[in-house]
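Engineer: The lines below spell out each chain.
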Amino acid sequence: MDHHVKSPASVHDHAHGEHAHDAHHELGFWQKYIFSQDHKVIGIQYAFTGLLFLLFGFTLMMIMRWQMAFPGKPIPLIGNWLGPDRAPMGIMLPEFYNQLGAMHGTIMVFLGVVPLAVGGFGNFVMPLQIGAPDMAFPKLNMMSYWVYFLGGVTMLTSFFLKGGAAQSGWTSYPPLSVITATNGQTMWLIGMIFLITSSLLGSVNFIVTIVQLRAKGLTYMRLPFFVWAQFVTSFLLLLAFPPLEAAGVLQLMDKVAGTSFFLPSGLVVSGRVVQVSGQGNPLLWQHLFWFLAHPEVYVLILPAMGIVSEIIANNTRKPLWGYKALVYSVVFLGFMSFIVWAHHMFMTGMGTTMSAFFQTTTMIISIPSVVILTALLLSLYGASIRFNAPMMFALAFLPMFAIGGLTGLPLGLAPPDIHLHDTYYVIGHFHYVVAPGTIFALFAGIYYWFPKATGRKMNEMLGHLHFWGSFISINLVFFPMFIEGLAGMNRRMYDGGAQYAHNADVLHWNVVQGYASWALGLAQLFFIVNFFMSIKWGKAVDRNPWEATTLEWSAPSPPGHGNFVTEPVVYRGPYEYSVPGAAKDFTPTFEPERA
Amino acid sequence: MNIPYTVEERPDSGLTNGKFGIWLFLASEVMLFGALFSTYIILRQGSVEWPHGELNVWLGMANTFILIASSVTMVMSWANFKMGNFSKGRMFLLMTFVLAGIFLVNKYFEYADHFTRGEVPSHSTFLAIYYTLTGLHGLHIIGGMVVMLYLLAPGTGLWKRNPEQYTGRIEYTGLYWHFVDLVWIFLFPILYLL
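Order-wise, the sequence lines are chains A and B. The opening residue of the first sequence carries number 4 in the numbering used here; numbering runs sequentially from there. The opening residue of the second sequence carries number 688 in the numbering used here; numbering runs sequentially from there.
Excised from the complex, chain B in its bound form (with noise of 0.2 Å):
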């Protein structure tokens, strides 16, 4: 039995399934991340006085920069797949995967600078709200990268026996990434520099 529109688009809605499903699943992330985004101002509203200087912005500033190129080579991949180059299309993938596992080393130093100086999060509820949206948003990078390493190994069979499936998939996986990378965009403002 095959399920209809898996590859092919439903012309009435000029989707297919699973395009229509990530985007669903976005809007879902959006209340997400909308309802820590909103807690984080009511947080801060009610607040006597909420901490300033307390991060390192150069090392925020570099996961952005990073976060922002895995992205475009994200597009890079998905577009050499389309065009049928599949060797470049899989080495922007692994690109992409590696970015962020930079981004995710970064993390790690930031974290444990904050740590070694007894800096967790019981300490200060801004320290609480920064480690909760970024501990959140790095299980979302961790998510993405399980997906790539599925895309970049066992996956590529059915890039075989059906590459315009897999190319819907890399271009779903991008989707979420893009997602991904815009929830940082607002992350690193509001905890770094505001």
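So here's chain A without its partners, still in its complex pose (with noise of 0.2 Å):
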């Protein structure tokens, strides 16, 4: 059990200079980062594994605009290496396609952008900027690393089954994905119990530990606002997700064991009565999904609008402005997020006084976000801002996540919604959120934390190349989609939509999407280099190389096992910037008051 090897204190710190004092004891390399209980460590592990699904999930999109762009011409490059039951002769199948499709969404959702933004930088970030020494229950943490890794691995292997992986979109309404013969579906419902278990151990840990381990003075009303967006992110995700366990609990019955929870009797698939016990309910599904799937909206935006804050606050030089009433927006946002769900099925017929409520909700929830927006708008006002690389990213935020937000409107109304349900008009409103607005705040909080989480800078000009590239080509992807989604084009169209007539005229983006999706891929190489080159030659710094206010940036970079090296004190709020006569620009949270 006991690996732990003492080695002198003196050889350990002449090594690791301003490490934390109790580190005197040097884990063996599997427990130090492989199996490690170190926050750091596995914010990092989460955030890796975040960015290389990311990158899977996204090739595979990559994969899916060329069928759209070109339908039934062969893939180049890689199109013979999938094979023939995927395609044959390089051509694209229609149930390969479908598999793309399910598997991008649900990965991209559930294996990447929420592992990184909650498990990778509010693990990483979080305790570091509340002043504890590490997550309250260390292997809890470990074990939610490795459960979410399993669900992951579990994800990956669907694809080399006999019929390939989950083909019935990323959310799998029965009765289609019941019905479908293949085993897909099955590994897709183990994997996402997988990742339920995993961010279900998360979200009691974070909350725990904003609760339990903040430092002394540091009061909810200083906490930095990227903390009160992963507190209220973790109620979400603890709360919203057991239901999604629960149906998918449910679906596996459906699948293994024979049961028809959710296939109605009398269900008829080619030209067939389906024999099952029957009596099941189909919506039935579509509500213990959406259930969680709208708040987990709200948990991919809300880490994304913590980021975004901490990295205007700092660049901009001055305070957020309506700290308060961020703080209390973001909380009102979560509650309300747990009763907007049902705005998803107007399309089912639910009935009107069912869409009525849900869309007055869904109305009264909208309030909140553009609070936060405003308030994030406004404190750029007057501001002399430094525009570096995770400033560049952060700005874009705004308004990408505002084109992501108002478009939503329509789709939350009723009426409207009958014309745009399930065309591209939502694809191109959800991405919009979630691509050009999390994923920016995503790699701004990247460009931002580098220096904490490695001791050196990333490289200013391979920055900028990356964003200006990543913002010209995503734009060029989603925007054409509200074009084309007004026009009536539907989603998940093995073809793009070309064997309706209605289409025609908008089909030609079909092509500009394409190319300006190989050319955001080939964007992400500057971030790719910069990554890899930074950790080793990236600009040495100090601890405050952004010269910020909040607690992390008074621990070493990177910081020791235990973070801190004196027991840190919070004297103030967390974004006093520019203080009328202060002596510098910024005045930290840390540092007591001259007497």
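Some hints could be false.
Mimicking BS3-like on lysine-lysine, the simulated pairs with C-alpha atoms at most 25 Å apart in a straight line are [what the hints assert, rightly or not]:
1. A:K142 <-> B:K706
2. B:K847 <-> A:K142
3. B:K706 <-> B:K775
4. A:K542 <-> A:K587
5. A:K539 <-> A:K460
6. A:K35 <-> A:K460
7. A:K219 <-> B:K706
8. A:K539 <-> A:K35
9. A:K327 <-> A:K460
Calculated from the structure, these hints are not laboratory results.
Join the two chains into one complex using the hints; note that each chain is given alone, in its own frame.
Structural biologist: Here it is in structure tokens:
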């Protein structure tokens, strides 16, 4: 059990400079980097795995974009590797297209963005920002990473099953998902149960850590906004995920034990009545699924808002405008997100009373979102802004999230949703929220906290190239979707919609989107090169390279085991920038008042 | 490095980390079983006919009393550890473990009886939800037993080093155990009686 090898303290201190005082025992390789219980290592594990999954999920989409731009043409470069049961002669099969679509959504949301935003940034930054030595339950923290990893492996291996991965969309609506004969869906359900379990363990840990391990003087109203965002996010994960776990178990019973929770009596498939006990309810799945998946949208966006707030405050050198309004809004947003789910289901025939209720709550939830966005926008007013790489991404988040959010309003109202439902308009809407919204914020966060994690800054020039390349191409991918959607082009079309005459006028956008998505892929090379190069050769920095005010910048870069050299104490609010009469333009929370 | 508030309570929250953590976990469990109970209601509301009297009420009732008794012994165990009475506390913990085992044996006979009559989950939606709910509840019983077994055997070393922390773990296990008991208190009437 005891692998702790004592090393002479002097040697250790010499090697690691200003590491924390009680890190005098070295852990073996496995305990230090693989089965680590240190929140920083776990955060980096989460972030790295999440980034790999983002790249993988994006690659799936780049392949799909070829099929949509040039339906029925052999896929170049990788077409021959895919094999005859996916793409004979390099031409994609419809079944494979469906797998790519379902798995792109699942991987991006559950294996990419959430692990990076919550598991990665939450784990690495949050304990540092509240002055904690680690998470409240370090072993549980390690376990949640490995359960997530297991879920990821389950999802990936399902591609290699006979018949391939799940192919009923990331929403897995029954009856289709249940009656599809392949085993991909079963693997998807098992993988989801792992991922949900991991999120539950993580969210308990986050909430306990934030409530119990705040440093001396760090009251709730002095918490950095990022911590508030993680706090609310954790409650969403804690309370919204279990119903999907229940739904996953029920669908697994349908798949494996032959029950019919989601299969109605007299269901006809290929001209034959399906032999099941019947009396099931397909709508029940949609309710259980969206009861999670709408709060999930806020799980995707709140950490992003938290990251952007930190970076905007830092680079405008001003306090955040309306900190209290931001905090109340984010709490209200979290609460409301539990009672809007059925606005995804206006077209299911659930009745006008239900639609009226859910469209009302949906309009209400847009208010706190707009309050947050407005507060961040007003924070820019009158500032002399530092346009560094993290700030570029954080600034771009604001208009991108605004487009994503505002295009959601017509979808939240039942009448226009009749026209827009299941068209590319919906795809454009949520991708603006999640891709140039959340993922840009996540990139901003990586550029911003990279120096804390490694002790080195990322290259600014490559950062700007990465930003402009991504910004231009991502808009060329997603903006045409609104045009296509308004013209009536449906989502999930194997041929990109070419079979319908009404799409003829907008089909050429598919080609534009194809080239733009591959350009977006190329733009990420700047990031990948920058990331690895900077670990080794980036400009070495001290504790506080951005001249920031929050607590994580009082720890060494990178922080040692136990994080802080002396016990951190907080003396003031989180964003005391440009205080009149102060000697410098930032007054960190951790600096005592001068007598 | 020591994590603060594992044993002593944080003054402003009045909680230890573990106690707060277990309550949060139970909150998520309420959502899990809440979703399944809602499923039960929706399926039953939408059904043409709902079977009655397919389950053995006496076995179910016996199991109800067994679980209630196990909750009592769990509290007795915690109270004895709290008073520093290790051997008695351990005896009551062992009794809780044994009662949980008896519950599972009963459940096994019930399941086996259904299976021999061909009443498998795919037989009817009632049986489907019956197996799902009681199966998931049974997994929670097994989970609780694994924790108790740990606290009975390898976990006792903590009692010698830090009895307060050990007693805390007994308390968290107890909170979980009462929750599992409570779920059954709801399951028994909706599946066996109504």
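Engineer: Does each hint fit the structure? Answer for all of them.
Structural biologist: Against the structure, the hints come out as follows:
no.: 1; hint: A:K142 <-> B:K706; verdict: 16 Å, holds
no.: 2; hint: B:K847 <-> A:K142; verdict: 22 Å, holds
no.: 3; hint: B:K706 <-> B:K775; verdict: 23 Å, holds
no.: 4; hint: A:K542 <-> A:K587; verdict: 24 Å, holds
no.: 5; hint: A:K539 <-> A:K460; verdict: 10 Å, holds
no.: 6; hint: A:K35 <-> A:K460; verdict: 24 Å, holds
no.: 7; hint: A:K219 <-> B:K706; verdict: 21 Å, holds
no.: 8; hint: A:K539 <-> A:K35; verdict: 20 Å, holds
no.: 9; hint: A:K327 <-> A:K460; verdict: 32 Å, violated
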